[in-house]
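Novice: Given the coordinates of chain F, assemble chains L, W and V onto it according to the supplied hints.
Residue-level listing of the chains:
Protein chains: 4
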Amino acid sequence: MKNVALFGAGRIGQIHAHNLAALPGVKLVAVCDPVAENASRLAQSLGAAVSTPEAVFADASIDVVAIASPTDTHSDLITRAAAARKHIFCEKPVDLSVQRAEACARAVAEANIACMIGFQRRFDPTFSEAQQRLARGEIGRAEMLVVTSRDPGAPPAQYLKGSGGIFRDMLIHDFDVFRWILGADGDEAVWLSATGSCQVDPAIGEIGDIDSAAVTLRTRQGRLCQINTSRRAAYGYDQRFEVLGSTGLLACGNHRPTEVQQWDANGVKSDLPEHFFLQRYREAYRLELAHFFDRLQSGAAFRTTIADGVAAQKLADAATASWQSGQAVSL
Amino acid sequence: MKNVALFGAGRIGQIHAHNLAALPGVKLVAVCDPVAENASRLAQSLGAAVSTPEAVFADASIDVVAIASPTDTHSDLITRAAAARKHIFCEKPVDLSVQRAEACARAVAEANIACMIGFQRRFDPTFSEAQQRLARGEIGRAEMLVVTSRDPGAPPAQYLKGSGGIFRDMLIHDFDVFRWILGADGDEAVWLSATGSCQVDPAIGEIGDIDSAAVTLRTRQGRLCQINTSRRAAYGYDQRFEVLGSTGLLACGNHRPTEVQQWDANGVKSDLPEHFFLQRYREAYRLELAHFFDRLQSGAAFRTTIADGVAAQKLADAATASWQSGQAVSL
Amino acid sequence: MKNVALFGAGRIGQIHAHNLAALPGVKLVAVCDPVAENASRLAQSLGAAVSTPEAVFADASIDVVAIASPTDTHSDLITRAAAARKHIFCEKPVDLSVQRAEACARAVAEANIACMIGFQRRFDPTFSEAQQRLARGEIGRAEMLVVTSRDPGAPPAQYLKGSGGIFRDMLIHDFDVFRWILGADGDEAVWLSATGSCQVDPAIGEIGDIDSAAVTLRTRQGRLCQINTSRRAAYGYDQRFEVLGSTGLLACGNHRPTEVQQWDANGVKSDLPEHFFLQRYREAYRLELAHFFDRLQSGAAFRTTIADGVAAQKLADAATASWQSGQAVSL
Amino acid sequence: MKNVALFGAGRIGQIHAHNLAALPGVKLVAVCDPVAENASRLAQSLGAAVSTPEAVFADASIDVVAIASPTDTHSDLITRAAAARKHIFCEKPVDLSVQRAEACARAVAEANIACMIGFQRRFDPTFSEAQQRLARGEIGRAEMLVVTSRDPGAPPAQYLKGSGGIFRDMLIHDFDVFRWILGADGDEAVWLSATGSCQVDPAIGEIGDIDSAAVTLRTRQGRLCQINTSRRAAYGYDQRFEVLGSTGLLACGNHRPTEVQQWDANGVKSDLPEHFFLQRYREAYRLELAHFFDRLQSGAAFRTTIADGVAAQKLADAATASWQSGQAVSL
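Chains F, L, W and V are the protein sequences, given in the same order. All residue numbers for the first sequence refer to the numbering used here, where the first residue is 83 and numbers rise by one. All residue numbers for the second sequence refer to the numbering used here, where the first residue is 83 and numbers rise by one. All residue numbers for the third sequence refer to the numbering used here, where the first residue is 83 and numbers rise by one. All residue numbers for the fourth sequence refer to the numbering used here, where the first residue is 83 and numbers rise by one.
Just chain F, same shape as in the assembly (with noise of 0.2 Å):
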């Protein structure tokens, strides 16, 4: 049995704490939050005690501790956790710094701990399976990568203030799944051009930041990503990829709530895709963290690890780059 310490008990966290109280041979035993009530509601829901990092650390016996609190902890909390010899899975990004994100992968190496960041689209059902024929050979040399990635609607300005900006806190996601469906032979970014807009609301430029951004990357074999992304999808939240491959290609659709058409006079309707990253990645949310104490029990790889945590920082940060020059960045 994996004793497990949570830190953070908002909206991801409880999603996680549930995960977590229904894997078998794992047993959440504390909730930290800063926020005592959070803490308290989710720990007694689920039977698990209320504790902090300090606490946390000195106990010996916590394995795991999963962290799923605000980004500006992390690094934090990880260097702590691999100095206090605990097992990490952690919400991504490891930090909005590259420089500070591979002090933690240092930090974790030396420890000499399981480190798995949750880039949970890698656990999707459907990206999954297509990554997976892929890796088959299905559709033949993978050639060209085209994402489209957009949330149902801004935030507020003021919540995007200490985000990093778009390219390190939405699309972090897509330079990960980049890697992960271009890069699978070694194959890496050399190329990257970026540019982006504010078409949603102002308010975001005016804290310099864009809400609309398109990115194109080129591997050093030649293949070709590209990738659209916007803060506003009124039709909810869209989250489709396509890969050309030399004898085919393989679409990735959004999930639905119902397989419902309606045909009236207006039209054929269908549903909306699922609402947004909560419900379409539940399935991924479940698979991620099944797949973690799956493989810290055996000892094989973690299909994300720090490293490529540190890899997608990077990539966001030379899209940044791009964008603010308006020049292509060699890689």
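Any given hint could turn out to be false.
Which copy? The list can't say, so a pair holds if one copy fits it or any two copies do.
[To be verified] Below, simulated DMTMM-like cross-link-like pairs (lysine to aspartate or glutamate); rule was C-alpha separation at most 25 Å, straight line: (1) Lys243 / Glu184; (2) Lys351 / Glu220; (3) Lys84 / Asp283; (4) Lys396 / Asp267; (5) Lys109 / Glu136; (6) Lys243 / Glu192; (7) Lys243 / Asp267; (8) Lys351 / Asp233; (9) Lys84 / Asp399; (10) Lys243 / Asp141.
In case anyone wonders, no lab produced these hints; they're calculated from the structure. Predicted model only: the values in this text are computed from it and were never measured.
Specialist: What follows is chains L, W and V alone, placed relative to chain F:
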């Protein structure tokens, strides 16, 4: 907290057991199954005790029995549960004999206990969304229902010997869907015609049954329903219906494991439907038990009652008679 | 060069006229219609002459007559064309009376002329592709056919008075599809049950007809077919069928004017089906005439013969009788 | 009646010839092609005469020239047609040199003749429906455009030598789509970044061209466009675009030959896209010529002008420069 005893630790019993375990306010305390090993494995994995019907009915601390044992045990268990004043969730059908099913209904009524029959299709996200839109008038008045209901493969003829025949074994669900969709305003079947044949497995014909069937119903108000069924759809479990209304159509499609499309020289290929009922109705099984305990708590009516079980059984009997005589039946 | 005379300059006559004009090796020389203005407008626009049946049958330079006049003129024109030894393309049905239709068939056979009946659905790109795949064995042995056949709206009851009733007027096409799809190996209907009701327009009931119908057929080999129809589908012309085979399914969907999908707060909206038969079967009408002249030239058999016309008519008669009696009919 | 002379009896010339022959009020009188056999076969089959450019320009009875000859003849024929005061329909592009294309535009303007460039995608039923919905405001303000534009296979590198490179040869259409969709209110590209690689055929690289490309554009108003292209899509001709607007999305899918779905043990299989441009744009080619003569008659503006041809060419030049330099281009 409601204490629940489960009868039956087979395929469907295991599904219900896990759903019971995850429900707040519900405690699975006992599992009964003549195959001791099945009972004990399931009980252990969920922290329940192995028990017997006698012990369950004698145990005043048990509030609810969930019946997932073979069909021929249902009426006996219902009657004894009613006598012991336990609330009942029972898998379909109530009984292969309408007479015995009606006796069960009387026993339940006299004991004044709650009894819900597990017509899980009414809880399927797609089907129930369609039913709700119909109820809200989104396609006007319902006029016609077309049901496609096919299994991925026929079980051995031997296994089907005690099934009551295809109309009672397979179409019972579809007759319930017919009543749910076209009977919302009290309308009911007045005319039924059924036919069928053996096209899948001659051994099924040798035991006096068929493996392919077609049923048509007409209601008092002139609504029409066609149901087609087969024991074998080579592409998997096919569960669809379409309702034509005066201002539109609602079409319920199959569910798919993923939303990957593969385009290659052979065509554009999507996933097959979910493999069989355990996959397709996974969410429906979860939702029907949640509904049961929610309504048990609130005292509101169940979506599927024992009267619904009896009524579907009568239609199955009528279809059997129509098929055997080759003539339509007035109801 | 084949010289052709056209009877009927109405809606369907105009379609055929333009298709004839575009065919290589074919010359539309004469147009006949009791409404002189219609005949002359159509003839002028295509460089043909206005004529009369008498003149056409007396004109040795005319090789072919295309009959697109009202149903009650068909048998007379067929008989006279046979006597004049003109080859015949005739719109469905041959005649509302099976007896007269059979007389036409005899006249055609005795005159040893070519005669094709316009069951255009057999030339629809989607339907004929399905039929060819079935013939190639791509889904194994055909077992079950489900046909959905609905008009966008009911004509005035007055107009339907001379139509022969819904089974002869609308379902004649579907009976032909049934024979084409399930009868390829000589199999044929041995049992038929039909029912129906008036749900769209009570005036249709007052003239002794129905507007909603459901037919089931069983063949000698045990194949099953269900046909559902309505005079009104609020969403347009609904023309689909599905064939279940021993190793798969072929599903024929509606055609759409465009492939635009609109995603917005209301859902994901695709185009409605093509509005009505002139749109949906535009290509089929073109292809059936091309087939007629191609086979006329080569002497090979037509895809749809006068015998097919008679056979479909007999099924329509049987369905009418079944509906009226409320009982199944053996064939 | 407008008398028309056609230059070019190749693949695309034949398409236009047959569409001209079917247009009311239009008469194809002359066909010119250096390959005498091609000219004479096409002319004969449609009742036109074989001619030469000299004779055509000297013939006062000819009103219109349709130019479907090789690209390097366009500017010469346009200039001479303008001098001879013939109205012009010309296949894209005007010329591979922007300078020469601009000279053509001046010649046309000075001669005060009508000149339309054949960007047939603007007449595709799906694409033009999307454009009209956008223009009606059905998805609010256009913000982002994603274009997928792929050929089924690469022609021999030798053939591509005179093509001007992938951006001028293939993407010229997509640049026009960009201008049509995102430039309706006068908005225009201010920033462009292009990259690409040779992934399909190394011989294409040896002639200094690429076979896979990705272009991003940003407009003055901040709108974004991404175009991805490949000379080879193993599944056929892939022609799609999606426009994200402030209140929704319009997605234009591929067209399919039939609407048959085949469900079997391998999956649910739909048709591949129409094979190549002659099939996909068959209707578009018909509609663009009808539009040309309709507007010629009414004097209203063409949907695609020579100015559009020049503008698309400039974007192709900019993309070529961006790809070659590896840097973004300001426009």
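Novice: Look at each hint and say if it fits the structure.
Specialist: Here is what the structure says about each hint:
1. Taking CA atoms no more than 25 Å apart as the test, lysine 243 paired with glutamate 184 passes inside one copy only; the shortest distance there is 23 Å, against 48 Å between copies.
2. Only between protomers do lysine 351 and glutamate 220 lie at most 25 Å apart by alpha-carbon distance; the minimum there is 12 Å, versus 32 Å within a single protomer.
3. Within a single copy, lysine 84 and aspartate 283 get their C-alpha atoms no closer than 46 Å, and across copies no closer than 51 Å, so neither meets the 25 Å cut-off.
4. Within a single copy, lysine 396 and aspartate 267 get their C-alpha atoms as close as 19 Å, which meets the 25 Å cut-off; across copies the closest is 38 Å, which misses it.
5. For the identical chains of this complex, lysine 109 and glutamate 136 are intra-copy neighbours only, at 19 Å inside a copy versus 35 Å across copies, given an alpha-carbon limit of 25 Å.
6. Taking the shortest Cα distances, lysine 243 and glutamate 192 never come within 25 Å of each other, neither inside one copy (34 Å) nor across copies (57 Å).
7. For the homomeric pair lysine 243 and aspartate 267, neither the shortest alpha-carbon distance inside one copy (37 Å) nor that between copies (33 Å) is at most 25 Å.
8. Taking the shortest alpha-carbon separations for lysine 351 and aspartate 233, both the intra-copy value of 22 Å and the inter-copy value of 20 Å come in at or below 25 Å.
9. For a Cα distance limit of 25 Å, the shortest separation of lysine 84 from aspartate 399 qualifies neither inside one copy, at 36 Å, nor across copies, at 55 Å.
10. In this homomeric assembly, lysine 243 and aspartate 141 never come within 25 Å of each other (Cα to Cα): the closest approach is 36 Å inside a single copy and 61 Å across copies.
The structure fails to meet hints 3, 6, 7, 9, 10 from the earlier list, while all remaining hints are met.
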